[in-house]
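As numbered in mature numbering (1 follows the signal peptide of the UniProt record, and there is no 0), residues -24 to -1, 1 to 285 make up the sequence shown, in order.
Heads up, some of the hints might be wrong.
[To be verified] Here are the simulated EDC-like pairs of lysine to aspartate or glutamate, each with C-alpha atoms no more than 16 Å apart in a straight line: (1) K222 <-> D205; (2) K122 <-> E184; (3) K222 <-> E26; (4) K46 <-> E198; (5) K222 <-> E254; (6) K122 <-> E58; (7) K122 <-> D206; (8) K222 <-> E56; (9) K222 <-> D168.
[Stated by the list, open to error] The calculated label-pair distances, taken between Cβ atoms and stated as ranges, are: (10) L154 <-> I196: 20 to 26 Å; (11) W145 <-> Q35: 30 to 36 Å; (12) I43 <-> Y186: 42 to 48 Å; (13) G256 <-> A44: 27 to 33 Å.
Please keep in mind that the hints were generated in silico from the structure rather than gathered at the bench.
A virtual CB, placed ideally from N, CA and C, is assigned to each residue, including glycine.
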Amino acid sequence: MSPSKVSVLGNAILFLSALTGAHESEIPTFEHHSPPAYPPPIGTGDGFPEWSEAYSKAQAVVAQMTIAEKVNLTSGVGWEGEQCVGNTGGVPRLGIRGLCLQDSPLGIRFGQYSSAFPAGVTIASTWDDDLAYARGFAMGVEHRGKGVDVQLGPVSGPLGLFPEGGRNWEGGGSDPYLSGIGLASAVRGIQDAGVIACAKHFIANEQEHYRQRGENAIAINESISSNVDDRTMHEVYAWPFADAVKAGVGSIMCSYNQINNSYGCQNSELMNGILKNELGFQGFVVSDWQAQHGGVATALAGLDMVYSP
């Protein structure tokens, strides 16, 4: 037997010996799975004075709708199907038009005579909370002037785990505390201008590559999974979104990627468990475009509005 074969055989024997001699607790296990969190909480606005009146009005209107009308109002008509990057159907019978959702966290996308606002990380580097609010308010004014109902921003995902990440500049940097302050200030500014803010991308959306199946003609069957332990999830990634919830954000966008091997827009632990139950989020969760990978499963997991092409 050649020396190389002896070496390979010896290593294999050592490896098997290590496994058979190890205690059960020492054998690696695959733990990166999100536990289920059901049923989805039903929002009422109770305990949130700023939401109570809105819920009362909404419940009175929704009670008059058919199932088809409810689905029409919570389903998008595709990418740029009408005047915005995202539009829902309406309920003409009740005089309700569809919603207009428009990019971006830095100003109006695909619009003429629109301002290009400073990047989120630039605002964060000033440590000026008032400036973050003023920027949000100015963006909200422009969006409202264009007929937008929901501004798809501000951003705190990615936080910046990878320094070379292509969209790190959109958010407030990698410090969750600083990012949360900036996110909350932007939310207040946008919504004080009369537009719903949509904080994104929830959650652990830290790279662009492989976050979608079939991306750039690459044959991958599943999106990348960000595997995050519970403490890191709460103390790092969820922190800025908690600040946005406290600021009264009306909408949050779930992300393309998987988190602990469950798609962000189908992860009940994140949407039902953390976002709606723990943080007390009272608004609606909207999917990123084509980020829905199921029907009933996504609804039960806490997804409220879906956008597909």
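Status of the hints after comparison with the structure:
1. A distance of roughly 24 Å separates the Cα atoms of K222 and D205; the hinted pair therefore is violated under the 16 Å criterion.
2. A hinted pair counts as satisfied when its Cα atoms are at most 16 Å apart, and K122 with E184 does not qualify at roughly 29 Å.
3. In summary, the hint linking K222 to E26 is supported, as the alpha carbons are separated by about 11 Å, within the 16 Å threshold.
4. Straight-line distance between C-alpha atoms of K46 and E198 comes to about 30 Å, which puts the hinted pair past the 16 Å bound.
5. Our distance criterion of 16 Å between C-alpha atoms is met by K222 and E254, whose separation comes to about 12 Å.
6. At roughly 13 Å between alpha-carbon atoms, K122 and E58 fall within 16 Å of each other, so this suggested pair holds.
7. A distance of roughly 41 Å separates the Cα atoms of K122 and D206; the hinted pair therefore is violated under the 16 Å criterion.
8. Between the alpha carbons of K222 and E56 the distance comes to roughly 31 Å, so the proposed pair goes past 16 Å and is violated.
9. Simply put, K222 and D168 have alpha-carbon atoms about 15 Å apart, close enough for the 16 Å limit, and the pair holds.
10. For the hinted restraint 20 to 26 Å between L154 and I196, the CB-CB distance of approximately 34 Å leaves it violated.
11. Checked against the given bound of 30 to 36 Å, the beta carbons of W145 and Q35, roughly 41 Å apart, lie outside it.
12. Distance hint for I43 and Y186: a CB-CB separation of about 37 Å, inconsistent with the stated range 42 to 48 Å.
13. The given range of 27 to 33 Å is respected by G256 and A44, whose C-beta atoms sit roughly 31 Å from each other.
Consistency with the previously given hints fails for numbers 1, 2, 4, 7, 8, 10, 11, 12, ordered from lowest to highest.
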